[in-house]
Amino acid sequence: MENQEIKVQVNHLTKRFGDLLVLNDISFNIKKGEFVCIVGPTGCGKTTFLNLLTRLIDPTEGEILIDGEPADPKKHSISFVFQEPSAFPWLTAQQNIEYGLRIKKKSSEEIAAQSEKIIGLLGLEKYRNAYPHEMSVSMEQRVVIGRAFALNPDLLLMDEPYGQMDIKMRYYLEDEVIRLWQATGSTVLFITHNLEEATYLAERVLILSNKPANIKANINVDLPRPRKVSDPEFIKIRKEITDMIKWW
Amino acid sequence: MKKNQIKTRDMLLSALSILGLIAVWFLVSNSKPDFFPTPMATIERLIRLIEKPVMKISILGHVLASLKRVVLALIAAIILGVGIGLFMGWNKKVRAAINPILMALRPIPPIAWIPLIILLFGIGEFPKVLLVFIGAFFPIVMNTMSGVALVEDMYLKVGKIYKANTAQMLRHVVFPAAMPAILAGIKIAISSGWMVVVAAEMLSSKSGLGFLINRGRDSYDVALIMVAMILIGVVGALLSAVFTLIERKLCGWMSKE
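Going line by line, the protein sequences match chains G and V.
All residue numbers for the first sequence refer to our numbering, where the first residue is 1 and numbers rise by one.
All residue numbers for the second sequence refer to our numbering, where the first residue is 1001 and numbers rise by one.
Simulated from the structure, these hints should not be mistaken for lab results.
Cβ atoms here follow ideal geometry from the backbone N, Cα and C, with glycine treated the same way.
There's no promise every hint is true.
[Claimed, not checked] One side only, chain G facing chain V, incomplete, derived with CB under 8 Å:
hint: 1; residue: K74
hint: 2; residue: F80
hint: 3; residue: E84
hint: 4; residue: G100
hint: 5; residue: I103
Throw the hints in and build the complete structure from the sequences for me.
Take a look at the structure:
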């Protein structure tokens, strides 16, 4: 991991709305192909942070670099998975997965190959022609996640995508997102309130403080996969993160 | 109750209500058959009309003449209505500029335009099509505008995240999301256009179902009026049914709640 090149650099990121300081001097790096989880209390400025990363709003100070260049929506591709399922209801599962590729005007061969790969990884072969109204919420969210990975984005942001799922479904989907990440080599920034989920998924967990938010701690999760939630090492790291949060 | 049973029950109820209407017609017409022809007399008149066309145009020819006017006007209304509605829904400045004009023109019934249109364009084919266009345009433009303005923010955000340009956003997100509203507008436009074409033909025409009604009035042929009225109803219902099929085909993705 130490030798991996840096994909995303966030330098002294600060955001003020008038007198209200929301983000205070946030700096961190994400390596190429890394899976980073961010945990933080509700109302700590998480949405603002995400909006800055997707460049929907501009920072007051600081910069975001992708591959050493200022993040530019026209140049870099940043994908986003919202908490609520956001598949287009007028497109089938396969068409939804291909959506980003079509917008980027990829060749039809590339679109077909990439969508087949993602459909295969998601095991959605039987449901490729299903419309979202024919799917469960979890299946729709899987299609949305497939759509985000299909594009091989420079950075994939996931905003509590499993927030609405029950615990059994969460375990299944967490394994699936790891499979997609490993198969595509994407760089992922995953936001969650669930500390067990963060420990299960991440190679590194960033802990945000209360508002004005900054990075309170940076914890490496150097555990082999598939991880076991009952493994003493797993419990130790989860406890370490929990203790950090108790401090708030 | 099973789905099939409900379907059979509904079909039976529909058939009963139509039979009921015919029974009422029968009863009412029997008291004054000279003023109000019976169902049998109307069917006889329809057979005579098939055997001996009016103005050397077959009954099908009259239906097609009316349909042609409606279809031409609808094509123009869909192109302009959807186009203008799309931009009005998408761009608040365009909406602010055009909406007051539409608001002022929309309440004017198409029939109120007839004198002005005759003065400007005479009594040929174009003024009739123009009148139908006026009847069809407003529901389409208003529904398209509302449909576009009400596209869920989530879909727009997804489009933005994938960096869709304006043309891609309109084509791949806004247009399909607004499609149900647009089709609902077109459906209203079809029935409105069909009503207007009959009115336009009643004023000055040598073909069409409205013309047949006029001919019936001039020659005191009430059965002919009834035949034309029934045909207007049947063709209007058929148009609506055909469009419902198209709507299902185009919006098969909508949940059937």
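Structure-based check of all given hints:
1. K74: 7 Å, holds
2. F80: 4 Å, holds
3. E84: 7 Å, holds
4. G100: With a minimum Cβ separation of about 5 Å from chain V (threshold 8 Å), the hint on G:G100 holds.
5. I103: Because about 5 Å separates G:I103 from the closest Cβ in chain V, which is inside the 8 Å limit, the hint holds.
When the structure is compared with the earlier hints, no violation turns up for any of them.
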